[in-house]
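Student: Residue numbers (our numbering), protein chains in the order written: chain G, 2 to 346; chain A, 2 to 346; chain U, 2 to 346; chain S, 2 to 346.
Honestly, the hints are just simulated from the structure, not real lab data. Being a predicted model, the structure only gives us computed values, none of them experimental. Please note that the accuracy of each hint is not assured.
Treat identical chains as interchangeable: a pair holds within one or across any two.
Stated by the list, open to error - Subject to a maximum C-alpha distance of 30 Å in a straight line, what follows is the list of computed DSS-like cross-link-like pairs (lysine-lysine):
no.: 1; residue 1: K68; residue 2: K336
no.: 2; residue 1: K171; residue 2: K68
no.: 3; residue 1: K125; residue 2: K140
no.: 4; residue 1: K107; residue 2: K136
no.: 5; residue 1: K277; residue 2: K205
no.: 6; residue 1: K164; residue 2: K125
no.: 7; residue 1: K205; residue 2: K164
There are 4 protein chains.
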Amino acid sequence: MRAAIIGATGYGGAELIRLLHNHPHIQVSSVHSSSQQGTSMGQAYPHLQQVTNLQLEEIEASIIKEKADIVFLSTPPGVSAKISSSLVDEGLKIVDLSGDLRLSDKANYERWYQLEGAPEELLKEAVYGLTEWAKEEVKAAQVISNPGCYPTATLLGLAPLVKGNLVDPKTIIIDAKSGTSGAGRTASAMTHYSEMNENFKIYKVNEHKHIPEIEQQLQRWNSTASTVTFSTHLVPMVRGIMATIYASATTETTEEQLRDLYQTAYENSPFVRVRKQSEFPSTKEVFGTNFCDIGITYDNRTGRITVVSVIDNLVKGAAGQAIQNANVLFGFEEKAGLDLIALYP
Amino acid sequence: MRAAIIGATGYGGAELIRLLHNHPHIQVSSVHSSSQQGTSMGQAYPHLQQVTNLQLEEIEASIIKEKADIVFLSTPPGVSAKISSSLVDEGLKIVDLSGDLRLSDKANYERWYQLEGAPEELLKEAVYGLTEWAKEEVKAAQVISNPGCYPTATLLGLAPLVKGNLVDPKTIIIDAKSGTSGAGRTASAMTHYSEMNENFKIYKVNEHKHIPEIEQQLQRWNSTASTVTFSTHLVPMVRGIMATIYASATTETTEEQLRDLYQTAYENSPFVRVRKQSEFPSTKEVFGTNFCDIGITYDNRTGRITVVSVIDNLVKGAAGQAIQNANVLFGFEEKAGLDLIALYP
Amino acid sequence: MRAAIIGATGYGGAELIRLLHNHPHIQVSSVHSSSQQGTSMGQAYPHLQQVTNLQLEEIEASIIKEKADIVFLSTPPGVSAKISSSLVDEGLKIVDLSGDLRLSDKANYERWYQLEGAPEELLKEAVYGLTEWAKEEVKAAQVISNPGCYPTATLLGLAPLVKGNLVDPKTIIIDAKSGTSGAGRTASAMTHYSEMNENFKIYKVNEHKHIPEIEQQLQRWNSTASTVTFSTHLVPMVRGIMATIYASATTETTEEQLRDLYQTAYENSPFVRVRKQSEFPSTKEVFGTNFCDIGITYDNRTGRITVVSVIDNLVKGAAGQAIQNANVLFGFEEKAGLDLIALYP
Amino acid sequence: MRAAIIGATGYGGAELIRLLHNHPHIQVSSVHSSSQQGTSMGQAYPHLQQVTNLQLEEIEASIIKEKADIVFLSTPPGVSAKISSSLVDEGLKIVDLSGDLRLSDKANYERWYQLEGAPEELLKEAVYGLTEWAKEEVKAAQVISNPGCYPTATLLGLAPLVKGNLVDPKTIIIDAKSGTSGAGRTASAMTHYSEMNENFKIYKVNEHKHIPEIEQQLQRWNSTASTVTFSTHLVPMVRGIMATIYASATTETTEEQLRDLYQTAYENSPFVRVRKQSEFPSTKEVFGTNFCDIGITYDNRTGRITVVSVIDNLVKGAAGQAIQNANVLFGFEEKAGLDLIALYP
């Protein structure tokens, strides 16, 4: 299969190129950018010199149609809302890594993103590709909306509890922490090295765009779910997300019962690793991989369950999950191109 | 005034030496260690060469009595439980930076610390020196128990809410993050550079010794307070703590009202800075100082209040607050020796 | 004494404010900026909130004259070349932290800086304030040109060798490493956190502006000195410079002899610490201070001397040395306001 | 082919497991440790859970012979000197990642390592596997001594110059910088996070064990080569080495000529990337890969050549080059299992 990448100069795009480099069935056939046509990937990223000869091309659906079977869009907010329809009309399959197609309610998107939403029709067609919980839909999809990095870690961590009615949804609090690569490649005061190193920051309190995305999926799983508290912090590191999730148990439970529940829920999910008794994952343990590692426990003093879910935000939180979705879509082995061991240390 | 430091080779001890170096009224007269007598501070810490000539001496109450008016104990768990009484008997004032005198219930200490507790009499005498909320007691004290780093950030962040019955205490969740210096100077796998850098870890889930310390103080402030959920994480940085605190409001409120409440509560507290509307503090903004910076907001979607409280764990969370307590005890200006601007960037 | 700071929103300016906050004789009376008039320092830097009420004012020599006795210029290249004369004409003393007045040969400046140089008259008047080696000139100066960060570490490390003819100047190679704060506060791709963390970079090979500054001073000390090789690297940390300096000895020597030489050379220099036998300094050991720590050794296999010199680039390499110069100029104790212990760890 | 790994709990061993996981022709058949028999790799390294079921076994040549065709020794100094002969006697091929077989002169080894050297016979048999310059010897070898991390970066950077007599060997100075993973997994004060972060250190000045290894190879290439100056520094990052290399040119040259020389020298070397005009590599650009990226320039002011050579110390500096050697030895494609794109950012 041939894949085109739109927005290849961002970190998501570069990660797609890294991961697809050793994919047995999918090959990057072209890369596209709205502004840097003619630039080679080796100019945009020195680490790609002598590894790929790809050159950035313009974004034109009919031309892409000639070159690719599937298109990965790794574009800033607002872009795929505008251009996806033309790709779909050409019959191309698309995996959109941006947030544009994630909220099925256009008004909700416009409220949180402050941008014009995608056409209703496109939103209706888009499948929310949290692969572990959407395999059948993904197999049949033409348009896949790839989940956000924070929602991926959060939702994989919450699914068994929320689907099984084991927690009171109104008590859910997600305290999330991310490395800086989630903020993209554009230099800013927020991510200036001298201001970010030896520093721990909180940002967008109660205002993060991933809040409605998390709530929408929880409500699909459990109609009693409503709002959640979700906070985001910036860690002085580049890659990795940890979501520490709190919720009150509906009935008394034990760590052992909870781990059984999770192991059953994910027994056919090669990328979700439920950790051993009393063991909690660190972000580095999934660095560079498509794994989501989950630790879980119950505190009988407070009646609360704590779930700890970690991912590499650029892999399982972006490019890796996009490829996982493509694998499922095309009927390849789910792990194709993603059977990697973490770069540790 | 002359101060002795017991346990001067740890980070808390080194920080006391740094801060007292420019204190107008207190001078370090001797340093003590259980194992390194005869070693100079310049040997233990190259950065202290040619700055101080202090040499480590043995720990002997009657000798310390000759040299000092006040003793700072910056010792591992279990040590001050054993040696404090002899210092008190000599009539010395003490500020204990360890956790040994913080829990007034000996059995509670022994449950959480798995060590023999201090004598009941000593526990009764010890004043819990969260300076902002204990000035009168500190003034009259002979024995001051200096709060833990996490409890300092947490309790300063929660006090106005809990004292004012503005939150339901049963809903309090504290998600705390710390730099590695809180783990001390002893090398370990947990804090080995190659394993800690580019990594974000959670540790001691539901088992941290600071949990009973926080609960004890909340209950003193509000008899309806009971258990809290408190989680601790290790950030790949050296100094700094952020406590992100969540609680359900008892009645609807606004960020403005909350900020008014906090500004009033801390108007006479030179080290607590309530941040401006929509502004949340980062740890680097208090780096090297005795400040506790607090941001606060209310989310009317969820009815929850979020408080963000940051400190430098070695200053306001240890040596700085110890000196602040000594200042209050001796009737010096509260800011003496602590009127510092953060090292930024 | 009252000091004005021009360019107070940069890191050099912020560091002057930090250090002068506790200076016994010098007080910051006004801060100036070419573009942000009306902004308070607390808006520019949250860590300065509630610590200073200074507000940025325009840059107008006659007004500054009313407010200050001395002016610190912490401005980008090219600015003090233009505005210094007007300040000097008002009778103000100035310490210029930029590179504009460091090269006495205007043409040389213009070749390396690619900017119009300062008036010849001003260049003639400017004293190169490497304090340890220029005390008499500084005392008598009206215009002090504060050395660059790299040249400070390098020249303090080389002075005894070059002045004493102990090395062949043509063999001098300086391999220098710096934290990112030397690059200033403006966000850039080079210092974007995601690209700089877990990364070690070399930059401006053979082209750094500090090359002619180092060569000029070496030639003043030793007429046989000519060109040097000087390389600069960016370390994933914020503060600190290490210069590792290599040169061939003119005659066989020993580490002991070299250390004697250095100790004698710097016996009256409170900020230069010659390290013990076989001990070499790390940057963190001078973090936040005005120290320059030096280690030195001789390799009889190669006949080469290695000097290791470390400073905090924002203190001894900028604001600290500027204050040290002001202290000497005004006849204050050299350590006034600078008697600090490193923030360690 | 089946590979056994001795010393699998160190970082070199873990990296072999990571890289061989996707090798098309070599599979890890057993892992061995002197002290942790029975432990699974998932216990030693949580990131290996559910990825490999390997369990540590004892080190016994006759048993290993049953399981493996080749043995990778990733052991501390002194171990392979003792155990290699028994493996060789069993007819096993070995790649030794330790320094024990690198110096062909046993006395030289014992002087620098302060340990008993390997048997002379074994030293004679061992091929120094700097793959790019030893392909024919490696193909025919039974015993391959894998080069040290620093020597790999240094020698690949110097080879074309020294072999071509383009520099005066007596003037060679190598200023090398490494991430902390080169120091191994054992916790120490040197690599304690709180002491290493925001710190830049120099260590083992003129005493590093890699000095004789570098000199030996230079002398093989050019009989006029003698001693070099080689310094090592620790960078606050985990992976990556940069060697900044200085030497005086024997005749005037240009950057263009030098780059032509290097491109020709390495045109058949898939892992050496000579960088473009005026472009110098950063360590992150080879992070996780087997590349050695080289930048080079000439300064006509000083007559000196500067070479900048970067590698990932755990890949090209250890496990990656070991696999590259195994590939050449077995006649596999040189890039088999190593055709990776850097993890960037």
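Student: Confirm or reject each hint.
Tutor: Hints versus structure:
For the identical chains of this complex, K68 and K336 are neighbours both inside a copy (25 Å) and across copies (28 Å), given an alpha-carbon limit of 30 Å. In the homo-oligomer, the alpha carbons of K171 and K68 never lie at most 30 Å apart, since the shortest distance is 48 Å inside one protomer and 56 Å across protomers. With identical chains, the CA atoms of K125 and K140 are at most 30 Å apart within one copy only, with a shortest distance of 16 Å there and 60 Å across copies. Taking the shortest Cα distances, K107 and K136 sit within 30 Å of each other inside one copy (24 Å), while across copies they are farther apart (56 Å).
Taking CA atoms no more than 30 Å apart as the test, K277 paired with K205 passes between copies only; the shortest distance there is 15 Å, against 34 Å inside one copy. Taking identical chains as interchangeable, the C-alpha atoms of K164 and K125 lie at most 30 Å apart only when both belong to the same chain, with a minimum of 23 Å there against 50 Å between chains. In this homomeric assembly, K205 and K164 come within 30 Å of each other (Cα to Cα) both inside a single copy, at 28 Å, and across copies, at 28 Å.
Checked against the numbered hints given earlier, this structure breaks only hint 2.
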